[in-house]
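Trainee: Below, each chain spelled out in residue letters.
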Amino acid sequence: MSASQASKEPDIGAEMYELIAELFPICRSITGDGIRATLRRVGEVIPLDVYEVPSGTPVFDWTVPKEWNIRDAYIADARGERVVDFQRSNLHVVSYSTPMRRRMTLAELRPHLFSLPDQPERIPYRTSYYNETWGFCLPHRLLVELPDAEYEVVIDATLAAGSLTYAECVLPGEQPEEVLISCHACHPSLADDNLSGVALATMLARGLAQRARRYSYRFVFIPGTIGAITWLARNQETAARVKHGLVLTCVGDEGAFTYKRSRRATAEVDRAFAHVLRHSGHTHQLIDFFPYGYDERQYCSPGFNLPVGCLMRSQHGTFPEYHTSGDNLDFVRPAALQQSFELCSAVVDVLEQNRTYVSTNPFCEPQLGKRGLYGAVGGYSPQQYQLTMLWVLNLSDGDHSLLDIAERADAPFALVADIAARLAEHGLLE
Amino acid sequence: MSASQASKEPDIGAEMYELIAELFPICRSITGDGIRATLRRVGEVIPLDVYEVPSGTPVFDWTVPKEWNIRDAYIADARGERVVDFQRSNLHVVSYSTPMRRRMTLAELRPHLFSLPDQPERIPYRTSYYNETWGFCLPHRLLVELPDAEYEVVIDATLAAGSLTYAECVLPGEQPEEVLISCHACHPSLADDNLSGVALATMLARGLAQRARRYSYRFVFIPGTIGAITWLARNQETAARVKHGLVLTCVGDEGAFTYKRSRRATAEVDRAFAHVLRHSGHTHQLIDFFPYGYDERQYCSPGFNLPVGCLMRSQHGTFPEYHTSGDNLDFVRPAALQQSFELCSAVVDVLEQNRTYVSTNPFCEPQLGKRGLYGAVGGYSPQQYQLTMLWVLNLSDGDHSLLDIAERADAPFALVADIAARLAEHGLLE
Amino acid sequence: MSASQASKEPDIGAEMYELIAELFPICRSITGDGIRATLRRVGEVIPLDVYEVPSGTPVFDWTVPKEWNIRDAYIADARGERVVDFQRSNLHVVSYSTPMRRRMTLAELRPHLFSLPDQPERIPYRTSYYNETWGFCLPHRLLVELPDAEYEVVIDATLAAGSLTYAECVLPGEQPEEVLISCHACHPSLADDNLSGVALATMLARGLAQRARRYSYRFVFIPGTIGAITWLARNQETAARVKHGLVLTCVGDEGAFTYKRSRRATAEVDRAFAHVLRHSGHTHQLIDFFPYGYDERQYCSPGFNLPVGCLMRSQHGTFPEYHTSGDNLDFVRPAALQQSFELCSAVVDVLEQNRTYVSTNPFCEPQLGKRGLYGAVGGYSPQQYQLTMLWVLNLSDGDHSLLDIAERADAPFALVADIAARLAEHGLLE
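Chains as they are written, first to last, in the numbering used here: chain A, 1 to 430; chain B, 431 to 860; chain C, 861 to 1290.
Watch out, some of these pointers could steer you wrong.
[As the list claims (entries may be wrong)] Each computed DSBU-like pair below joins lysine-lysine, with the alpha-carbon atoms no more than 30 Å apart:
{"hint": "1", "chain 1": "C", "residue 1": "Lys1103", "chain 2": "C", "residue 2": "Lys868"}
{"hint": "2", "chain 1": "A", "residue 1": "Lys66", "chain 2": "B", "residue 2": "Lys800"}
{"hint": "3", "chain 1": "B", "residue 1": "Lys673", "chain 2": "B", "residue 2": "Lys438"}
{"hint": "4", "chain 1": "A", "residue 1": "Lys370", "chain 2": "A", "residue 2": "Lys8"}
{"hint": "5", "chain 1": "A", "residue 1": "Lys370", "chain 2": "C", "residue 2": "Lys926"}
{"hint": "6", "chain 1": "B", "residue 1": "Lys496", "chain 2": "C", "residue 2": "Lys868"}
Hints in this document: simulated from the structure, not taken from any laboratory.
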């Protein structure tokens, strides 16, 4: 498998965008039919095992919550006109709102209304998973104009024993060690956070399914926090086999890349992302682990301390569209999704191909000329190619992986890997 | 014991200043009645054990010197008028000057006169402990105006077998490991160097005497160099129990803080001062150990290599008032002394409270909501409070102390310690 | 041996220059009579053992090549006039050109002509050791003016079984551990690269032959690459005794110094050069090892990984005169050679004198005054001298060498070594 083979899917950004657009209208939450419908659609692209975990199941310090499903919700004025209508945006209802149907004054209703004074046109996204209450979210502009009248308030939902749903796509490889790629699939109509992560994981899985794989790959599509906790509680042995891991979120917007390192800070996946980003030409930042964010919080809890990083473009919580109706189908872009796919593919290539070779001629340099090993292959400058070859020979002492060598030689990993393969063919490495 | 309890003594700067003012006139040296009188006064504030070590006692490579006491000294002119008079300032006589009484010409006298041409109004401070000689110190302005006449030169002193005096205030704690706080108490009328250190040590001891203590504390009031050497020679077993140590000098002037690290460079006391200073808002510098300065030189000699740092405000030897009559009661200030006290108290809090906890829920995050652990306590922002709590949980893996966590979370130690205590109450840490 | 003794040879730059001038006209290659004549001349200055290794001898992955000797070569025009003439510059012939004698048109000749379009007045230096062919090098200005006519092309050379020649100057020391100093002696009329290295190695050896030596010294004068490989193949046991090593090249030009670290990066020779250069006042750069350059490539191959650095002034490959007729007797300067000699001598002093002492008074400072150890010796400021003495005493704990101490104290090694010797005389170090 050549280093650059995986990423040659020029239209995959558009495909990802289409998948996002198709999934966007579904009202997802951490349980319920929304996430089930989402996983069904993903399962049409890649092989998925779907798991249902009953409400009430203890998972470490937590308990799987009741299942929530919603059919309709609105606030209607005296004439029966819906001034806030779930049918127009599922963000209008606080996720996990308890069912209710009542007439009430604006004063009674007001504590249950949420808006963003700084972004008066946008609907905020709110949840109340573990505190049984209800609420509506609406644009601040609309909120301040609501007449002081009586309203009919309806939330046609059920919150009852059921199950939590998650899915896995498992792709066995030559080795039992696993690469874990995780995305939360529990948000309603929010495109970047995190249908972008769902679409990227789906397409990475589809591509990997068609390749020879050194590692086994496990893609998990889960509700955030409680889903990761549930998965970890049920998969402790599997977790012990995770050699590299990645959380995907907010990978579809046009912001610069942010890679958040694992708690270990220098895990191979951390070094692979740092390397690939540096050679990508894309603006990016590398940030250290902190115990907030998405499910890396659980994977990197001290009992697990898995080597799991998190890839983002714009960083969650730092952009105005985050957790608002502004995170819509205009906010994500096929070209941005394409870059994210290619970046992750390049990192997968590094992980797959990173090995430690030993030179068969450790005493002095081998004579390259007699083997026809002078001159570049593959569009590199002869100087860079030849010097990189000398680095590979010099550092293949059993202590340096190809990634170590790429870093030391300041050369792209793909070049280092191609040269190592060529030297191995000539019997100079083993 | 809460993290901020110890430092709430708003008038202690004024108290320290008064103690300094009371001790200022005493003519101290490395032996003799001056240091005895000083220790007697300190002993009225805190319990002191006073030790007398006879002249001639071998202490490592040194020998306890003769005891020096002075009653009077002057240079009088032909009319009997004292042109230089010990009664006006004890700095006028070189410390350890041999007794003498003679008439002599200015030419004979001149090699025994010392002044500061660059600071013509100030009297320098000089000593001659190990070279038996005599001398007078005077303002350069006065020196250059001395008529070429005959003078009566009198030093009414004794230099004879006696003893070296030092004192200890020992406060036993839960653990036999000790915190050593050392100050030199041998300088005559110099306020910052080092009555400020004597006063700070006294007040720290008084405060600690009233607290529950994890560590045992040992405050030593000693003559510089020979006193530290004598103490170390007589207390090698005690020295082996010193877990944290500190030399106090020049802590009463208004300069920025300087903390000089121990020879170990990363001892807990070094990290505690770095942390507390960084969060103090005070201008400060951290400097590495060098084998010059005050008694850290002896504590950090290679055979001991104790974890002893040195706190200063203006650094000895670098300010014009140093070792001159300019280091007087105008040069030290109650507010500066107050800050020094509070800083040391905060460091003591760090040392006392720094422990390594282990999370009882290492697998995934514990559910904070069900325990009412959301929301800040104690005036911190909810964001900082909550994130710091997540840091404490995430890093309580047995490998990170609370100080490690405070550094990693970039949070004040007091917040980290308060959160850890709260989590421990909820059974989440142990 | 005092630290500065070795470098006091004020006229050695001029001597080195004279040796270079004498050797300059000889046509050297990696084998043949040119290198033999060169080694004969060096052998008049220092004792040399000359080795001949037969063509065809396997040396690791390589084979000792045929021996090449040249007597004459030219390109003559129809009137018999030599338009390119080996007698005027031995750079005119590609080294290892096969013998030939033929008339040919310019079109036939053209592929065998090499010039530098960017430096039209200079003759390039080219070789073809392992690809049997022939060629001429000439100024580009001349090449473009060659009339389209028939030429007589003559290379009166032999390429046949013979031997590869190298030489060693071995100076036994107190210890069997060796300092290896290596220079390539295979280039024809190029002054900086590398007659400068040959001259410097010669003079260093001459100086060391007259000194007491802690280490044994081995100077090797070898053809580049194949010579180093041959030497290593025949001296694996000797190589295992190399404690410090150095390749010398381009040390006669007026550029700033460049020291290229060994592959180990922190070998004692690396630290010694860093220290001496920093205190030298000379502009310089320190660069990390990379597997290109001169024979450090072989010494630092992974099977050997010897602590061998490389000293240069202008870095090979980066200046326009490199490998052209511009690298001539005007390009090297006695004063530059003198500096290079003094620098290497100072590094040798560091290596010879770098020891780890243990203080005999590790508990507290020893009393310097009673031993008359106050006050500077040797032109240093009293402050620097005294503080350095305290550093030596404080860090002589068995874990710090004199070089470690010099680095920590930011003092010149010579001062540290002199102080250590003085303290040892007084029984304070051992």
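Trainee: Which hints, by number, does the structure contradict?
Mentor: Numbers 4 and 6, in rising order.
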